[in-house]
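Participant: Protein sequence lines, in the order shown, are assigned to chains U and V. As numbered in the working numbering, residues 1 to 115 make up the first sequence, in order. As numbered in the working numbering, residues 1001 to 1111 make up the second sequence, in order.
Simulated from the structure, these hints should not be mistaken for laboratory data. Treat the hints with caution; some may be incorrect.
As the list claims (entries may be wrong) - With a cut-off of at most 20 Å between alpha-carbon atoms, the simulated SDA-like pairs for lysine to any residue come out as follows:
1) U:Lys-57 x U:Phe-74
2) V:Lys-1069 x U:Ser-97
3) U:Lys-11 x V:Arg-1041
4) U:Lys-57 x V:Ala-1094
5) V:Lys-1093 x U:Lys-11
6) V:Lys-1070 x V:Arg-1041
7) V:Lys-1093 x U:Phe-74
8) V:Lys-1056 x V:Ser-1012
9) V:Lys-1026 x U:Phe-74
What the hints assert, rightly or not - Far from chain U, some chain V residues (derived; all Cβ distances over 12 Å):
10) Ser-1012
11) Gly-1042
12) Glu-1055
Glycine included, C-beta positions come from ideal geometry on N, C-alpha and C.
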Amino acid sequence: DTGVSQDPRHKITKRGQNVTFRCDPISEHNRLYWYRQTLGQGPEFLTYFQNEAQLEKSRLLSDRFSAERPKGSFSTLEIQRTEQGDSAMYLCASSPSGGQEGRQYFGPGTRLTVT
Amino acid sequence: SQQGEEDPQALSIQEGENATMNCSYKTSINNLQWYRQNSGRGLVHLILIRSNEREKHSGRLRVTLDTSKKSSSLLITASRAADTASYFCATSKAAGNKLTFGGGTRVLVKP
């Protein structure tokens, strides 16, 4: 069990650019979640997958955001035409279906700064 | 939007003292979980309590849940400097579903 990994750990981009983040869940976990956390706040849910199916999307996930999990393993989160308000920590988590009643295992996060 | 509020928002105590923080939520839940986050890092799961449970212990942690009041508390006994972190409660309407987090309590344990 190597844990959930995220790449990159930090990203600085200019407003208007596109960015893509990657999350590798724990290998046997078929559920994968994305959250966003701004400074001093709790994480807010963005979207989650069971295997390759995207089961739920938050209204926070505007049309500039897209998430994929093409083979039910790693996932990518893309933000197009970034805005300063997108600056936040993007957290990925995974869990096994049916395991431990919903405990989620979080990665270290990707900190995005939009200048 | 977040599920509920945590109280207090910040807490400063001496090493060895107990730390208590509270969480309130708004809708019915399947379970409530507590997570810890060190500055700028990911979240670490501490404990999960199901909606039909009232109290749970794990090491120096004690969690209570009152579904009639839609509230939970986390007690850390005999605190250590290493307990300095932000603590978040999170609720789920069904096992495996998304988590809805509170705003967190920032705990400082002074040596």
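Participant: For each hint, tell me whether it holds in the structure or not.
Facilitator: Now the hints, each set against the structure:
no., hint, in the structure
1, U:Lys-57 x U:Phe-74, "holds, 18 Å"
2, V:Lys-1069 x U:Ser-97, "violated, 30 Å"
3, U:Lys-11 x V:Arg-1041, "holds, 15 Å"
4, U:Lys-57 x V:Ala-1094, "holds, 16 Å"
5, V:Lys-1093 x U:Lys-11, "violated, 33 Å"
6, V:Lys-1070 x V:Arg-1041, "violated, 29 Å"
7, V:Lys-1093 x U:Phe-74, "violated, 25 Å"
8, V:Lys-1056 x V:Ser-1012, "violated, 24 Å"
9, V:Lys-1026 x U:Phe-74, "violated, 33 Å"
10, Ser-1012, "holds, 17 Å"
11, Gly-1042, "violated, 4 Å"
12, Glu-1055, "holds, 17 Å"
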